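Residues per chain, in single letters:
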Amino acid sequence: MCSVDNFFLLMEGFATAMQPMYLLFALGGVLVGTAVGVLPGIGPAMTVALLMPITYSLEPTAAIIVFAGIYYGGMYGGSTTSILLNTPGESSSIVTALEGNKMAKAGRGAAALATAAVGSFVAGTIATVLLSFVAPYVAAFAVQIGPVEYVALMIVAFLTVGALLGSSVLRGLASLGLGLFIALIGFDSLTAQQRYTFGSPFLADGIDVVLVAVALFAVGEALYVGSRLRHGPIKIIPVTGGWTSWLRKEDLRRSWKPWLRGTFIGFPVGTIPAGGADVATFLSYASERKLAKGENKKQFGKGAIEGVAGPEAANNAAAAGVLVPLLTLGIPTTATAAMMLVAFQRYQIPVGPQLFESNSTLVWALIASLYVGNLMLLVLNLPLVGIWVKILQIPRPYLYSGILVFAVLGAFSVNFTPIDVIILLIVGILGFFMRRYGYPIAPMVVGLILGPIFESQLRRSLAISQGDPVALVQSPVAATIYVVLIVIFALSLLLKRRQRQFEAMVAANADASDVVRGSASSSEAAVAPTAKTTDQREDTDR
Amino acid sequence: MSTSVQNAPGSGTAAAPGAPIGELVFALIIVSIGVVGFVSGAGIQTPPSASDIGPRAFPFAVSGLLVAVGAGLVFQVLRGHRGAADEGEDVDLDAKTDWLTVGKLAGFVLLHSFLIVPLGWPVAAAILFFGAAWSLGARPWWRNLMTAIILALVLQFVFGGLLGVSLPPGFLEGLGVFGG
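Each protein sequence line maps, in turn, to chains B and C. 1 is the number of the first residue of the first sequence in our numbering; add one for each residue after it. 1001 is the number of the first residue of the second sequence in our numbering; add one for each residue after it.
No lab work stands behind these hints, which were simulated from the structure alone. Be aware that a few hints might be false.
What the hints assert, rightly or not - Label-pair restraints from in silico Cβ distances: (1) 1174(C) x 231(B): 41 to 47 Å; (2) 497(B) x 1036(C): 30 to 36 Å; (3) 384(B) x 1150(C): 19 to 25 Å.
As the list claims (entries may be wrong) - Below 30 Å or equal to it, Euclidean Cα-Cα: the simulated DSS-like pairs (lysine-lysine) are: (4) 290(B) x 302(B); (5) 249(B) x 298(B); (6) 1104(C) x 390(B); (7) 257(B) x 290(B); (8) 235(B) x 1104(C); (9) 235(B) x 1096(C); (10) 293(B) x 496(B).
Unchecked claim - Sample of chain B residues at the chain C side, in silico, Cβ under 10 Å: (11) 193; (12) 195; (13) 224; (14) 436; (15) 458.
These figures come from a predicted structure and were not determined experimentally. No residue lacks a Cβ here, since even glycine has one placed at the ideal position from N, Cα and C.
With the hints as extra help, turn the sequences into a complete structure.
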């Protein structure tokens, strides 16, 4: 496959994605995506899971374009929340919150939002270009690998996802194991034997992936937040001035290098299964902090614009990077990617190395829609910031009640039987306890989706080798994959550890500076205790 | 780092307050799921013609993983290493767990599952929203009710009517725009 061919295929993709109907779907996707990115408690993974019923009535290209818009939109929306909301956010956006929140409190919220939005656009666009040129080559390589190599790739994906998508290795692996276990329930696809159905006809067909995902994301989250709902008014830092004057020359001068650095850190980190955007944002933040000089360096911890520009760019570039293993190998490394894979499966589109050949129109339309969606997000994001702030103010009881209603809608429409709503509740309660005791959700969803694919590949490889397990490591390609990926795995674990030390250090510094500058403003003082809890949450096992 | 933080006073505040009995029970449940996996997995029939490792091997491997990891977690919790409860913008980690609210929310979801067929989806969904909003502390009741009704009708219209998802329309039966 030569690159000129790919260029033409990409142009054809644009021809598809630019059709007015698909532009509308992309617009809808990025708007919904930004809204759910802004809203606490809902992420893109949950949204794609909740919107899975649209796969019943939309044709594949339209649905995939909507989901891609939600995926990218969610990345943009998250930064608005962490900059403007006066409470600590999720860990993936904690870096942005560090500097962005401080900037907003110092009256520079507009600049923080602007550098995040433009940086996301720059990074998203460059990373999508990289995706369009890297992915076909990876796919061309991937179609040559056999089940043995595939097993190797998936084992490493399980390891990294289980061990890295959370703060504790054992809890991540437990979560992965639970997902693999639930995926086993039902008929064995090769021998048609019933497994773990306990004689129940409801379990014979297995538990639907969407049902479990909606239960874990939506019901688990609603129950958990309900158990510890933060009461009182929602404090949002006001943004002043017209949005056109937000990014001053000085800001731009300080931002463009972090944007580019963030992009080239984020994309590769997203491509390898190394814990997703979390690690990428941290790496970018750490390098910006290191590279800053003089007056700018002193601003770190008090609202340095580089500390928003770099990590936000890295975040978006990583999101594009995650699509490389998803589209070329069929291996999702984040929860949202896992849900996109489910959407493909709903349409009986085989995801894996053959995707680029068998469904090339769809894949290139998807990639083209990422370019379009990115541009839409840049154009929409800044002028519409008033709307996002309004959305941020939705009363929380209504927000979480709404999430529950969407969850039962999604569950019921799987098979149109109320039993599924009861299964939804049971798995949701499991999700509640997992959150409460610090078990990450994403490995379970990835295990649930990859488990059956993994088992059939494993059994195919062993059937070829007539049951000899040594064959699994004998192929030179598989052996190389194991070695290379074990090195990546070790490095990522190390990085993760460094990240935690670093976060604790930064949080401690932030506290200290707040105490010193205690006279600054009342809102500044109010955030000090919350910063302290972030510091203390540092995980205790390991 | 972890060694210096884990014994720091107050490091447990992020996790559930009080004795780690719940956490211990949860880890034990993971172990027991693995044990059930072994016991029940032994009953899986293997056709004699199977040329591969058969339908039992992978279930055994997953059960083994659950038992091993679960046992490791039991050990960790007993040694005082607690998990860090999930963070979130709307989560107040210093608050005590409000079991009553969790119970109410779960109860309304359960109630909803029994109401879909007799009353139709819109009514069942409106009751769920109304009940959940009330459980989470939204007042006044009439505004909750209005929001619930509007949301249920809009969702029925968009998903049942426009997108063709077959939600039972209940009393709206016969009105084409709400599907059926």
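Checked hints:
no.	hint	in the structure
1	1174(C) x 231(B): 41 to 47 Å	44 Å, holds
2	497(B) x 1036(C): 30 to 36 Å	35 Å, holds
3	384(B) x 1150(C): 19 to 25 Å	23 Å, holds
4	290(B) x 302(B)	15 Å, holds
5	249(B) x 298(B)	20 Å, holds
6	1104(C) x 390(B)	29 Å, holds
7	257(B) x 290(B)	14 Å, holds
8	235(B) x 1104(C)	27 Å, holds
9	235(B) x 1096(C)	22 Å, holds
10	293(B) x 496(B)	26 Å, holds
11	193	5 Å, holds
12	195	5 Å, holds
13	224	6 Å, holds
14	436	6 Å, holds
15	458	7 Å, holds
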